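Undergrad: Protein chains in written order, with the numbering used here: chain S, 1 to 353; chain P, 354 to 706; chain B, 707 to 1059; chain Y, 1060 to 1412.
In short, the hints are calculated from the structure, not lab data.
Some hints could be false.
Calculated cross-link-like contacts (lysine-lysine; reagent style DSSO-like; alpha-carbon spacing at most 27 angstroms) [said to hold, decoys possible]:
| hint | chain 1 | residue 1 | chain 2 | residue 2 |
| --- | --- | --- | --- | --- |
| 1 | P | Lys-645 | S | Lys-213 |
| 2 | P | Lys-624 | S | Lys-174 |
| 3 | B | Lys-880 | Y | Lys-1290 |
| 4 | S | Lys-192 | B | Lys-898 |
| 5 | B | Lys-880 | Y | Lys-1063 |
| 6 | B | Lys-880 | Y | Lys-1272 |
| 7 | P | Lys-645 | S | Lys-192 |
| 8 | Y | Lys-1131 | Y | Lys-1233 |
| 9 | Y | Lys-1290 | B | Lys-898 |
| 10 | S | Lys-213 | P | Lys-469 |
| 11 | B | Lys-998 | Y | Lys-1251 |
| 12 | B | Lys-919 | Y | Lys-1251 |
| 13 | S | Lys-116 | P | Lys-527 |
| 14 | S | Lys-174 | P | Lys-584 |
| 15 | S | Lys-292 | P | Lys-624 |
| 16 | B | Lys-919 | Y | Lys-1175 |
| 17 | S | Lys-292 | P | Lys-357 |
| 18 | B | Lys-778 | P | Lys-545 |
| 19 | P | Lys-645 | S | Lys-292 |
| 20 | P | Lys-566 | S | Lys-271 |
| 21 | B | Lys-977 | Y | Lys-1230 |
| 22 | B | Lys-822 | Y | Lys-1272 |
| 23 | Y | Lys-1175 | B | Lys-998 |
| 24 | S | Lys-292 | Y | Lys-1351 |
| 25 | B | Lys-919 | Y | Lys-1290 |
| 26 | P | Lys-645 | B | Lys-898 |
| 27 | Y | Lys-1290 | S | Lys-192 |
| 28 | P | Lys-527 | S | Lys-174 |
| 29 | B | Lys-998 | Y | Lys-1272 |
| 30 | S | Lys-213 | P | Lys-527 |
Quick caveat, the model's predicted, so the values are computed rather than measured.
Number of protein chains: 4
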Amino acid sequence: MMKKKVAIVGASGYSGEELVRLLMQHPHVELTAVTSRQSAGLTVGQVFPKFAGHAAARSLRFTEPNAELLSKQAEIVFLALPHGVAAEFAVPLINAGCVVIDLSADFRLKSAECYKEFYGHEHPAPELLPKSVYGMPEVYRSEIKGAILIASPGCYPTSILLPVLPLLRAKLIKPQGIIADSMSGVSGAGRKAELDYLFCECNESVRAYGVPKHRHLSEIEEQMSLAANEKVTIQFTPHLIPVNRGIHTTLYLAPSEHFSSAAEAEALNAKIAACYAKAYGNEPFVRVLESKALPDTKNVTGTNTLELAWRLDTRTGRLIVLSAEDNIVKGASGQAVQSMNILCGFPETAGLL
Amino acid sequence: MMKKKVAIVGASGYSGEELVRLLMQHPHVELTAVTSRQSAGLTVGQVFPKFAGHAAARSLRFTEPNAELLSKQAEIVFLALPHGVAAEFAVPLINAGCVVIDLSADFRLKSAECYKEFYGHEHPAPELLPKSVYGMPEVYRSEIKGAILIASPGCYPTSILLPVLPLLRAKLIKPQGIIADSMSGVSGAGRKAELDYLFCECNESVRAYGVPKHRHLSEIEEQMSLAANEKVTIQFTPHLIPVNRGIHTTLYLAPSEHFSSAAEAEALNAKIAACYAKAYGNEPFVRVLESKALPDTKNVTGTNTLELAWRLDTRTGRLIVLSAEDNIVKGASGQAVQSMNILCGFPETAGLL
Amino acid sequence: MMKKKVAIVGASGYSGEELVRLLMQHPHVELTAVTSRQSAGLTVGQVFPKFAGHAAARSLRFTEPNAELLSKQAEIVFLALPHGVAAEFAVPLINAGCVVIDLSADFRLKSAECYKEFYGHEHPAPELLPKSVYGMPEVYRSEIKGAILIASPGCYPTSILLPVLPLLRAKLIKPQGIIADSMSGVSGAGRKAELDYLFCECNESVRAYGVPKHRHLSEIEEQMSLAANEKVTIQFTPHLIPVNRGIHTTLYLAPSEHFSSAAEAEALNAKIAACYAKAYGNEPFVRVLESKALPDTKNVTGTNTLELAWRLDTRTGRLIVLSAEDNIVKGASGQAVQSMNILCGFPETAGLL
Amino acid sequence: MMKKKVAIVGASGYSGEELVRLLMQHPHVELTAVTSRQSAGLTVGQVFPKFAGHAAARSLRFTEPNAELLSKQAEIVFLALPHGVAAEFAVPLINAGCVVIDLSADFRLKSAECYKEFYGHEHPAPELLPKSVYGMPEVYRSEIKGAILIASPGCYPTSILLPVLPLLRAKLIKPQGIIADSMSGVSGAGRKAELDYLFCECNESVRAYGVPKHRHLSEIEEQMSLAANEKVTIQFTPHLIPVNRGIHTTLYLAPSEHFSSAAEAEALNAKIAACYAKAYGNEPFVRVLESKALPDTKNVTGTNTLELAWRLDTRTGRLIVLSAEDNIVKGASGQAVQSMNILCGFPETAGLL
């Protein structure tokens, strides 16, 4: 198979670094350009010593970002840029015929108004919104195939939507009253020199933030609304915990059918199991845990797998679903590569196992 | 003031160690005995090098636990033992005239049946249950004063009850549907040689456990039921995170009155603020945060303070309350010493600031 | 006893924060002023929620640093400022009659040339150098008593000098060839927004830095030279490890007398034990470990104690001495308060146990 | 290429787990058996959820260790067992015609007496010692090729020997007086339920151990003696730090030639650079850092690379060499797989990049 030429814009952050790792060892692509203002001129191996063992890391040099040049160097361009900035790069790249896989929030919403409400400024390229596909392979695999612009989902949304969407679609849970309580590792804050993310400010600390209206709510609710076929509003609380990587989400859900006896619980359990088996039985990157196991971020960090488990509580009538993922892999760069694999017709797990 | 003689049974675990620290530096007590099967014969300074700077730590030696002897050595005995075992020690000590402050779960419930349901065995001393006082000073200060048996609350229950009880009593929230999502440091699992709590199994990991029926639910629900004057059933999910100390709890509550406009939210906010001001305005160990601050365990570890904050979410109509405490201090040993201060008529903050 | 009025300039860093903690709870002083450009106007409790339980923390407000004003507010002023800046504040304060306890490196050296060699700029106030006392109580207690300017030692130097100086003075080790290998927690880098000290850059990482010529060498070698009565040059390698607090130092020393048999080792051991017993047997803040115990930072963090142990290696003929301290307490703010206690005639352990 | 059948005995510890990971994804081998007493009957995916994404992990089940059976299931058997136990398994496997790659210390020494001195018991199979090859590919590549018994080096020895051996062989340093100061992550202690390795006992702690006579000295000194052609005795101090993985070693060495001027230092620097370039210029798993970079464990964890850097100190006349590696990969399982690749004629980096 001929190798596809790919580039990464904004490769010096944590998501960019992970894209470099995944794409450099990918069997079907050639990483032809990486950009970063502050690292321009340095080789990949100099910026990321961890990768210096790869021949490509010793020869490939960071450059200043330049859309025109990039469009000649690569067929597929990954954007690992802050929101707002990403859209500015996407426009000329798409016009020049590149496929863009954007890891920012810029093209995740269908509604420019919703974007403005949650991100606080006008959408920089609303004309592209109808063309973008939400890059969640388990949900939009067929749409991803022919896409020219893929909006790779956020880390929290991935950890929430993958467990919830199948239940919503199967009408096993009520669409209203959903609560998502999440904990994220510090890499989720990005590689930014801010006091709040110093080692001594995060170690031996746990704290909530962005309560009650975190930006990620916009894409979570849009996707849930589509699945439920009604407007969904949820509760979401993110917390920062002292790990480098990993997101754990605990979801509090209301089953559509009442249960209180053990027999009713068992019957409902079987329906939920069947729902997840149908949704994810053949998915390479979603692991539904069996028996007594509960998700643990240490079992998924460094992998593109999201694991999930659930429990019915006969005391409260609630369904508790728990998930764990690597926020930088399945929650960002790994999922973006999975979308690229689908888009290009590569085996979906290429470079990801 | 004449110094009270106090002893600690089971002083080699994390709660016991913290009791040693607090009581050794306490201005109004003399620590006369510490027991531990595995440490018998060693001085406090040998077992806990951290305390070796105290003269008492160099002279006081651990002994085998012996209730008869203890009753002669101390007027007040703290039990830092596993549940089930604690009750066996409490009986002879109380019969010999000691006051017992028990950090286990053995005397926290009024109902021996409920104890059996959650702890899996018959209560070892049901005749003492009516005599025990739930040692939460902010709620039971007057009952603590004359008590002979104080059941010091669990770490999770403290982090949940202090934020919730005033709201329940003031009928500002509905008693049903309460959700408590908690994260605890690893010291909460005790000083036990188990694989699950090895450094490499906890570091870079976060996971839920005890889902959905954790033992602490029994005392949480009993106390909430008393405050609400109706039977309360709640949802509670504990998670283990890689910090030594600290519990963070996020509570999802339903206000009794509807709000959706900013004005309605502001009115309700004022009522909640007034409720907490009334409950905790004069409490030395509960800090209600103002303005934009949210609880952070690093601001309370090593102290006997619980901090809390709340947010109204006009999008969902819910009240979110967050709390942080040190699970070993306010969640265990510090609260026990606070109860002792009340019981003995010492200044309530003695040895705790 | 009348309370002394004290102030802290530069109180928003980690050493400043620890000074606030120690001085606010000190029985013989009153903290009358704290300064910090970025925190001016806020109360101590707002900047450091951890201390909000103290009444003083709720009333005392940060101000802009102003030497003239400070000299009226306090008799003793602690400077927790970067080197270079500290000297500028010291001059007017001393001229106005204040005693200055400086935690920076500005007055630790007797030689302005050596300062220039290691710090890269002219000394800002060389006329004060002869007046300053190196604030290591175990060595300079009598000089501290009448001082007007105390240069509190660096964190690494404290962890190295306390174990080595008695051996040098007793001529038990050769003054040349000393190697000090140290590891420090991240708080040693200060509260600075730099990428290198982000949680994700420090967690799961260990690295050396400042090899081979760290600035602290200047004061270490000056003090060792004074003790040995000859010019001493040492090897020093600092490493950064993922803990908030704590310095561990391993020293490789050459005993003056040869030993190879067990009997010779035992005889030398006895001399070393006697040497340390003489130096530190009555010192409240140096703990010489017995038997098999080795220093562990977790046994000293949060305390003003340095612990040390030693081993003779009959295979190599070397003496290994190991020490552990809290870099922010004994290595900075605690030691400074200890000096203040001596200076003011307070009990030396006041506010430090 | 026909796939080689391989097995792992003792696969439930950290080294065993890493062998499973490396061998399951290796392109030229098939993992046919994994043994572990406590995990017998479970699939690899059940014991290590992290690997459950691999088809092999869902089908392959742990069995009780049985040498006879293993010799039929595999051509190459990896032993990840405690020392002493490993030798007992090696004998029947070798007799049955298997190649054994042993990760324990049992076959690393040429001398059974030295083994007894350092390990405290008679060597269980001294007849095999002459047949074993020390599995350090950069040193013994040609011997590994035809070996039937490979003793894979210890984690500390790898971090010390790779930096030192080329200098010793080139006579650039004096063979006596070498000091190695190392820090290891907690996985080095194995997956053992012991209090010392609990999260709360390791987190926020750093401590030395095994001072002054650690067992690994035996193989370090044997290999150095071979390289120097004289008996070498070194100083070695291991420390435990709160990271999961990684060893950092700082070496204090005495260059054979004197240097003090900048010009002399530069000349010596060039010789050292040439020495390392000759030794490691073509080695895939040793990275000699350039310019100002110093080794950092976070740049090597998860990889089979050891990185090293050096500094000449004109003040002391010493050469400081620093190295970093992943103790479980290059320090154990990765290096063992590298040896297997050489032994089998696979590309040396197969399955390791």
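Undergrad: Hint by hint, say whether it matches the structure.
TA: Quick rundown of the hints versus the structure:
With a CA separation close to 14 angstroms, the supplied pair Lys-645(P) and Lys-213(S) stays within the 27 angstroms bound. Distance hint between Lys-624(P) and Lys-174(S) is unfulfilled; the C-alpha atoms sit about 31 angstroms from each other, more than 27 angstroms. Under the criterion of a C-alpha separation no larger than 27 angstroms, the hint pairing Lys-880(B) with Lys-1290(Y) is consistent with the structure, at around 25 angstroms. Between Lys-192(S) and Lys-898(B) the CA atoms are separated by roughly 12 angstroms; this keeps the pair inside 27 angstroms, and the hint holds.
For a cut-off of 27 angstroms, the pair hint linking Lys-880(B) to Lys-1063(Y) is broken: about 59 angstroms separates their Cα positions. For the hint pairing Lys-880(B) with Lys-1272(Y), the CA-to-CA distance comes to about 23 angstroms; that is within 27 angstroms, so the pair holds. Of the pairs offered as hints, the one joining Lys-645(P) and Lys-192(S) holds, with about 22 angstroms between alpha carbons and a cut-off of 27 angstroms not exceeded. Proximity of Lys-1131(Y) to Lys-1233(Y) is assessed by CA-CA distance (about 49 angstroms); at most 27 angstroms being required, the pair is judged violated.
For the given pair, Lys-1290(Y) sits about 49 angstroms from Lys-898(B) by alpha-carbon distance, which is inconsistent with the 27 angstroms threshold. The hinted pair formed by Lys-213(S) and Lys-469(P) fails the criterion: a straight-line CA distance of about 42 angstroms is larger than 27 angstroms. Our distance criterion of 27 angstroms between C-alpha atoms is met by Lys-998(B) and Lys-1251(Y), whose separation comes to about 22 angstroms. A threshold of 27 angstroms between alpha carbons decides the hint, and for Lys-919(B) with Lys-1251(Y) the separation of about 40 angstroms lies outside it, so the pair is violated.
For the hint linking Lys-116(S) to Lys-527(P), the alpha-carbon distance of about 35 angstroms lies beyond 27 angstroms, and the restraint is violated. Only pairs whose Cα atoms come within 27 angstroms are accepted, and Lys-174(S) paired with Lys-584(P) is accepted, the gap being roughly 25 angstroms. For the given pair, Lys-292(S) sits about 43 angstroms from Lys-624(P) by alpha-carbon distance, which is inconsistent with the 27 angstroms threshold. A hinted pair counts as satisfied when its Cα atoms are at most 27 angstroms apart, and Lys-919(B) with Lys-1175(Y) does not qualify at roughly 42 angstroms.
Distance restraint check for Lys-292(S) and Lys-357(P): the Cα-Cα separation of roughly 49 angstroms exceeds the 27 angstroms cut-off, and the hinted pair is therefore not satisfied. Distance restraint check for Lys-778(B) and Lys-545(P): the Cα-Cα separation of roughly 55 angstroms exceeds the 27 angstroms cut-off, and the hinted pair is therefore not satisfied. Proposed proximity of Lys-645(P) and Lys-292(S) is contradicted: the alpha carbons are some 40 angstroms apart, above 27 angstroms. In summary, the hint linking Lys-566(P) to Lys-271(S) is supported, as the alpha carbons are separated by about 22 angstroms, within the 27 angstroms threshold.
A C-alpha spacing of about 38 angstroms is found between Lys-977(B) and Lys-1230(Y), which places the hinted pair above 27 angstroms, so the restraint is violated. Using a Cα cut-off of 27 angstroms, the hinted pair Lys-822(B) and Lys-1272(Y) is violated, with the two alpha carbons roughly 42 angstroms apart. Pair hint Lys-1175(Y) plus Lys-998(B) holds up; C-alpha atoms about 23 angstroms apart against a cutoff of 27 angstroms. Of the pairs offered as hints, the one joining Lys-292(S) and Lys-1351(Y) is violated, with about 50 angstroms between alpha carbons and a cut-off of 27 angstroms exceeded.
This hinted pair does not check out: Lys-919(B) and Lys-1290(Y) have alpha carbons roughly 33 angstroms apart, beyond 27 angstroms. A distance of roughly 23 angstroms separates the Cα atoms of Lys-645(P) and Lys-898(B); the hinted pair therefore holds under the 27 angstroms criterion. Under the criterion of a C-alpha separation no larger than 27 angstroms, the hint pairing Lys-1290(Y) with Lys-192(S) is inconsistent with the structure, at around 52 angstroms. The hinted pair formed by Lys-527(P) and Lys-174(S) meets the criterion: a straight-line CA distance of about 20 angstroms does not exceed 27 angstroms.
At most 27 angstroms may separate the alpha-carbon atoms for a hinted pair to count; Lys-998(B) and Lys-1272(Y) meet this at roughly 13 angstroms. Distance hint between Lys-213(S) and Lys-527(P) is fulfilled; the C-alpha atoms sit about 23 angstroms from each other, no more than 27 angstroms.
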